[in-house]
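Participant: What follows is each chain in one-letter form.
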Amino acid sequence: MTTFHSAPLRRRQWLCATGAVLCGGPLHAMPASPADQLLMGMSMNNLLSLDPAAATGLDALAVGCNLYDSLLEADPHDVARLVPALARAWDVRQGGRRLVLQLRPDVRFASGGPLLAEHAAWSMQRVLKLNLAPASVWKSYGFTAARVQADIQAPEPFTLQVDLPQPTDPGLVLLTMATSMSALVLDRDAVLAHETQGDQGAAWLTTHAAGSGAFALQTWRPKELLILRRQPGHWRGEARLQRVVMRHMTESQTLRLMLSRGDLDVAGGLSAPDVQALSRQPDLAVESVRRGNIYYVAVNARHPRFADERVRRAVLRHLIDFDGMAGSVLMAFGQTHQRPVPAGLPASLPSPGYRLDVAQARRLLTEAGLADGFDTTIRVMAEAPFTGIATSLQATLAQAGIRARIQPGTGNQVYGAMRERNFEIVVGRGGGGAEAHPHSSLRALVYNPDNRDSARLTNFQGWRTGHADPTLNALIDQALVESDAARQVALYRQAQQRVHEAVGGLQPIAAVTDTHVVRRAVQGYVGHPSGATRLRDVFKVGPA
Amino acid sequence: MSARPLLRGVAGIATSLLGLLVLTFLIGRVMPLDPVLAIVGPDADRSTYEQVHRQLGLDQPLAVQFGRYLLSLAHGDLGQALLTGNPVARDLVRVLPATAELATLAMLIGVLLGVPLGVLAATHHGRWPDHLARVLGLLGHSTPVFWFGMMGLLVFYAWLGWAGGIGRIGLAFEGNVPTVTGLLLLDAALAGDAPAWRSALRHLLLPAAVLGLHSMAYLSRMTRAFMLAQLSQEYITTARVKGLTERQVVWGHAFRNIRVQLLTIVALAYGGLLEGAVLTETVFGWPGFGSYLTGSLLLGDMNAVMGSVLVIGVLFVSLNLLTDALYRVFDPRAAA
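Sequences listed follow chains A and B, in order. Numbering-wise, our numbering puts 374 at position 386 of the first sequence, and it's gapless, one number per residue. Each number in our numbering comes from the position in the second sequence (counting from 1) with 93 added on.
One chain only, chain A, in its complex shape:
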C-alpha cells in the first residue's frame, strides 16, 4: 500500500519550502498518482443526491453501484444479459406475474449487519413511498405506494418475491433491478437510525451511504469532491484499490493538463479536440462506451408552424446534416443513430439513412405554403455538443429559408420549457437510460397515450412534443405484454417502422457515447453502457 507518511514540520523546513516556492523553484514532487488510489476528474454537476430513492442520472449510478450492491447486474459487454449479484438465482412464475429471487446468505452491510431479503424489499418499497423521480419507472409497472408492501415481500430471509401488479414484460422489470439506482439495496437499520420527521432517512442519505458495496463513502462534498474507501471483507473479495478520489472538474483544458502531468488516472467530459490530442499520448487510452440514450432534435407539434407533418418531415428528416455532424460536433460524444431503439438489441433496426436534402425540404415547405421559410427558435443547453448541433441545424435550416435563432440556457431552462410545451425546436438528450430494452426507449421518446395539455405526461418526450400516434401507442403496449420473444421483437420492429412512416415530433440523431481517457497503467476499468461502472476489479500496474 502506498501511503504518505505524515512528518512534523520543522521551522527550517517551512522556511526552505516557502522560500523555494517564492523563488520559483519546484518543491519536492510527490508521486502524482499512488498505486493504490484511482484519481478521477469529471463533471459532477448532476450529482445532487446519493440517495437511491432520490438520485437521478447516470453520474449518481456510477457512484451508487460502488457503494451499494444490486440484486442483479447487467453484463457490461452485453447489457441485455443479466448476471447474478446479490441474487444468485431468479425465477419468473405465474405466467410472468411473479418474480422470485434467491439471495446470497453471506453478504454483510458496511455496518456489519447481514443483508436479508427484507432489506431488499424495504429498499424498493421506500422508493415508491418517497415518490421521487426514481419511482417513476416502478409506477410505470403498476406499483403504487399504497400496495407496494403487499406486492414486494420477503417470505423467507433470503427469498425476495415481487408480484407484478399489471401485465408487463418480466424481463424488463429484471433489467430495471439490474441497472436502476432505485433497485440498490440499503441497510434499513442504518438508514432508519437517521430518520427525521418520518423521511425514511432521506435527508441523511442525500449525503451519506448505507450499503454493502465494494467501497464505502469516505467524503462527499457536492460539486467538489467524492472519495470512496475500500470496504473490508466484501463478499466478492476486497477491492484492489484502497481509495477512489473523484474531483468535480468541468474545464476540458484543465483535465487535459492534469492527465498529461500524470495527476489524473481517468478523466471524463473532455472536448473532442482534447480527446484527439490525448489519444496520441502513448501512456493514455481512449475508452468510449455507447449509452442507451440519444441526442435528438425535437419540434413542438402543437405549435402552428410544426402542426403540419410536411414541415416536420422537412425539418427533422431533410434539414439535419447527420453525416456532417458525425465527423465534427459529435466526435467523442455520439455515433449516428436515427431510430428511437438503441443499436445492439435483438429488436434494433439499422438507421433508415436520412440525410441532408435541402431540395426535398424546400419542396415539402412549398407544399405546406411556406416557400419563403419562417422564423423560429432553437432552445439548447449551452454546452458541447448541444451548441454544436444547434449551430449546424441553424445553418442547414437557413439553406431552406428557415431563419432560426439559437436560445442557449441551462438544462433546467431548456427541459423546463419543453415540459411546459413552450418551445419550437429543442436540441436535447434523452431515452431509455440505463435499461437496454426497446420499451424503455420507445416509452421515453415517442409514446404518448394522452395528448391533452391537462394530462401533463411530462416524463414522456412524446407528450412534450405534442404528437400522439394511437397506432404507435398500441404497438408499444402490445409488445410489452407479448410473452413470445420472437413476436415481441417483431412488434418492436413494427413500432420503429411506424415512427419512420409517420413523422412525429422527435428525431434521434446520434446514440450518446461516453468517452473517458484512461491511463494505461489502470487495468480492469470497464465502462458500463448503463452507467454502472464498477471499480471493484480496477488496479494499477507499473510505475505510477
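No lab work stands behind these hints: they were computed from the structure. There may be inaccurate statements among the hints.
Using 20 Å as the maximum straight-line C-alpha spacing, the simulated DMTMM-like pairs for lysine to aspartate or glutamate come out as follows [stated by the list, open to error]:
{"no.": "1", "chain 1": "A", "residue 1": "127", "chain 2": "B", "residue 2": "138"}
{"no.": "2", "chain 1": "A", "residue 1": "117", "chain 2": "A", "residue 2": "151"}
{"no.": "3", "chain 1": "A", "residue 1": "117", "chain 2": "A", "residue 2": "106"}
{"no.": "4", "chain 1": "A", "residue 1": "127", "chain 2": "A", "residue 2": "438"}
{"no.": "5", "chain 1": "A", "residue 1": "211", "chain 2": "A", "residue 2": "371"}
{"no.": "6", "chain 1": "A", "residue 1": "117", "chain 2": "B", "residue 2": "138"}
{"no.": "7", "chain 1": "A", "residue 1": "211", "chain 2": "B", "residue 2": "138"}
{"no.": "8", "chain 1": "A", "residue 1": "127", "chain 2": "B", "residue 2": "143"}
{"no.": "9", "chain 1": "A", "residue 1": "117", "chain 2": "A", "residue 2": "177"}
{"no.": "10", "chain 1": "A", "residue 1": "117", "chain 2": "B", "residue 2": "143"}
{"no.": "11", "chain 1": "A", "residue 1": "127", "chain 2": "A", "residue 2": "151"}
{"no.": "12", "chain 1": "A", "residue 1": "117", "chain 2": "A", "residue 2": "183"}
{"no.": "13", "chain 1": "A", "residue 1": "211", "chain 2": "A", "residue 2": "47"}
{"no.": "14", "chain 1": "A", "residue 1": "127", "chain 2": "A", "residue 2": "465"}
{"no.": "15", "chain 1": "A", "residue 1": "117", "chain 2": "A", "residue 2": "47"}
Starting from the structure of chain A, add chain B where the hints point.
Facilitator: Coordinates of chain B only, in the frame set by chain A:
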C-alpha cells in the same frame, strides 16, 4: 460613541441587509429557473413534480415564502441547500475559508507589489518606471483573468511543474487533512503533515498570483494617481526646501497622506475578492464561495443564494466598519 448613534448604525445595517434579501428573493422568483426540476430531474412525472413543489413550499404566496424564510433566519437557520443537501450555514463555513485563503494571499501579493509600483511610478513620473507600471497596469486590467489562469497553468504547471495544478491540494492528499479552520495551509500545519502542506502551498500560489496580479494592476494605478496629487502639493515643496531626503518626503509625508484613500480601495478590492473570484475558481477548480454562489444561482437554489448574499452583505459591512476604525488610527482628524 453614545447609544443613539450606535443604535442608528445598527438599524441602518439591518435595513440594508433586509433590503438586500428582499431584492435577492424577488429576483430569484422572476428568474426562469425551476428548483423543483433541479431536484427531480427533467424526466420526473407530474405527481413527483407536484409533491416536491409542495415540499419546498413553492405553492405558497411569495409573501408567505419570504416570511417563513425570515422566521427561520431569526432562529439562525439559513435553510437547506438543494445543491448539496446540507444546511446552507454548513456549506458557507466550508467554502468561505477556501476563498478567504485565496483572496488574502492574492491581496497580499497585490498590495506588496501594487503599492510600491504605484509610488515608484509617481516619483518617476513620465520616465521608464512610470511607463513600465502603466504597461503592467494595462496588462493586468485588460487581460482576462481566465486567460491568465490558463496560461499560468500551461507554463508553471504543465511545462515547468512548479505549480500544483487544479484544486486546493493534490488529489492523492484529498481527505487526509483533518478540517480545523478550513484554511488548508493552516490545517495541514496543525496536523503536522508536511507533504500535504507542501502540496497545498503549491496549489495556492498560482491562483493567488493570478488574482494578485489583477489587484496589483488596480492598486498601482490608484496609488500612482493618489501620489501624484500629493506630490504636487505645496507642503511637499516645503518639505524639500527644508532639506528632507526624498525618501522622507515620499514615504514620510506624501504616502502618509494617501493611506486613508488606499485603505478604502484595498478594503473594497479585498471585499470583491472575498465575494468570489468566480473565473479564477473555475479555471483552478477552487471550491470557493464564488463557485458555490454561481452553482446555486444556476440551479435556482434560493436558500443558498440568499444565504450567500447575506454573507456578502455582512462582509462588506464588516469591512466598512473595519475601514472606519482604521481611519481613526491613520487620520487624527477622523478620530476627533
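Participant: Confirm or reject each hint.
Facilitator: Status of the hints after comparison with the structure:
1. A:127 <-> B:138: Holds, at roughly 10 Å.
2. A:117 <-> A:151: 17 Å, holds
3. A:117 <-> A:106: Cα-Cα ~16 Å, so holds.
4. A:127 <-> A:438: 17 Å, holds
5. A:211 <-> A:371: Between residue 211 of chain A and residue 371 of chain A the Cα gap is close to 17 Å, so the pair holds against 20 Å.
6. A:117 <-> B:138: At roughly 15 Å apart (the allowed maximum being 20 Å), residue 138 of chain B and residue 117 of chain A satisfy the hint.
7. A:211 <-> B:138: 26 Å, violated
8. A:127 <-> B:143: 16 Å, holds
9. A:117 <-> A:177: 17 Å, holds
10. A:117 <-> B:143: Holds - the C-alpha atoms of residue 143 of chain B and residue 117 of chain A are around 15 Å apart, at most 20 Å.
11. A:127 <-> A:151: 13 Å, holds
12. A:117 <-> A:183: Holds. Residue 117 of chain A to residue 183 of chain A sits at ~14 Å (cutoff 20 Å).
13. A:211 <-> A:47: Holds, at about 12 Å.
14. A:127 <-> A:465: 15 Å, holds
15. A:117 <-> A:47: 24 Å, violated
In this structure, the earlier hints numbered 7, 15 are contradicted, and the remaining ones agree with it.
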